[in-house]
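**Q** Here's the letter readout for the chains.
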Amino acid sequence: MSTFLAAAALILLVSICVGLVRVAWGPTPSDRLMAAQLLGTTGIALLLVLAPVIATPALVDVALIFALLAAVAAAAFTRRRGPGQAGP
Amino acid sequence: MTGLDWVAASLIAAGVGFFIAGTIGLLRLPDPLSRLHALTKADNLGLFLVVAGLLVRVREPLLGAKLVLIWILVLGAGATAAHLIAKRAVRGDGEDAL
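These protein sequence lines map, in sequence, to chains A and B. Mapping the first sequence onto the working numbering, position 55 (from 1) lands on 55, and the numbers just tick up by one. In the working numbering, each residue's number is its place in the second sequence (first place is 1) plus 100.
Okay, chain B solo, but in the shape it has when bound:
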């Protein structure tokens, strides 16, 4: 493995660590809002680190742009979903009141 590969490997390993932390938080934390807090951070940062690790080794510019686009879309989707779920849970206007 070259030096660049080591950089990529450590970034991806850190990203996988964040995903594991998110899953553990989802299982262990006591109430829905704290679980939401745990997993939105974990998946956004985890995906960023994985994408950064893959970007280091990418040769074609188009593939790199696609990876960055995926990360931006997931950021937007994650923030939107977290707001909608939290609003619904706090107001108790769905089937599930807190």
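Here chain A stands alone, though its shape is the one from the complex:
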């Protein structure tokens, strides 16, 4: 079972690396934020899968913090305005 979980974690890590291509390409800032959002969720799953493998229960707490901060990042990004635009 531990081998299977490690393999699942590895596949999730590869998926994160492939998703980074979209962060680099863009083209719009929204695309980059969406990619970062998906990478964050994949990272949470990666930490949860990895926690039993390396017997580190603290990783679940790390995943909890990631989940808490995901919404804050998106909200902060969408409040940002370009030059010469009035705020909401």
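For the record, the hints were derived by calculation from the structure and aren't laboratory data. Be aware that one or more of the hints could be misleading.
Claimed, not checked - Now the in silico label distances, taken between C-beta atoms and shown as ranges:
id: 1; chain 1: A; residue 1: Thr56; chain 2: B; residue 2: Ala165; range: 29 to 35 angstroms
id: 2; chain 1: B; residue 1: His137; chain 2: A; residue 2: Ala75; range: 19 to 25 angstroms
id: 3; chain 1: A; residue 1: Val21; chain 2: B; residue 2: Val107; range: 32 to 38 angstroms
id: 4; chain 1: B; residue 1: His183; chain 2: A; residue 2: Leu68; range: 36 to 42 angstroms
id: 5; chain 1: B; residue 1: Lys187; chain 2: A; residue 2: Ala7; range: 36 to 42 angstroms
id: 6; chain 1: B; residue 1: Gly164; chain 2: A; residue 2: Arg80; range: 36 to 42 angstroms
id: 7; chain 1: A; residue 1: Thr28; chain 2: B; residue 2: Thr102; range: 47 to 53 angstroms
id: 8; chain 1: A; residue 1: Ala6; chain 2: B; residue 2: Leu104; range: 17 to 23 angstroms
id: 9; chain 1: A; residue 1: Met1; chain 2: B; residue 2: Arg191; range: 47 to 53 angstroms
id: 10; chain 1: B; residue 1: Leu163; chain 2: A; residue 2: Ala73; range: 23 to 29 angstroms
id: 11; chain 1: A; residue 1: Leu69; chain 2: B; residue 2: Pro130; range: 28 to 34 angstroms
id: 12; chain 1: A; residue 1: Ala24; chain 2: B; residue 2: Asp131; range: 42 to 48 angstroms
id: 13; chain 1: B; residue 1: Ser134; chain 2: A; residue 2: Ala55; range: 17 to 23 angstroms
id: 14; chain 1: B; residue 1: Gly176; chain 2: A; residue 2: Arg80; range: 17 to 23 angstroms
Model, not experiment: these values are computed from the prediction. Here a beta-carbon is modelled for each residue, glycine too, at the ideal position from N, C-alpha and C.
Here the structure of chain A is known, so what remains is to put chain B in place on it, guided by the hints.
**A** Then chain B, alone, in the frame of chain A:
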């Protein structure tokens, strides 16, 4: 592996499949709104399946509650972020007009 392990393994494998589908959708779909559509489904359902697979094997109730809490937080965060990004993209009120 026992029967319970097989259930956990198939749930986690399905969840990983959803994450891969989300990443492929993010790379392949043509415009921002369809990419947003692809990835919000993929990450919410994928994380649910992974959490369900881990819950099957959890012994302590506190750890199980933590896993469910993480899933609920990600659901809320994902829905909020998808709405904010889509509203911004449709109205074109950020730096990026569609």
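**Q** Just pull the numbers of the violated hints for me, sorted ascending.
**A** Hint check: 1, 4, 12, 13 fail, others pass.
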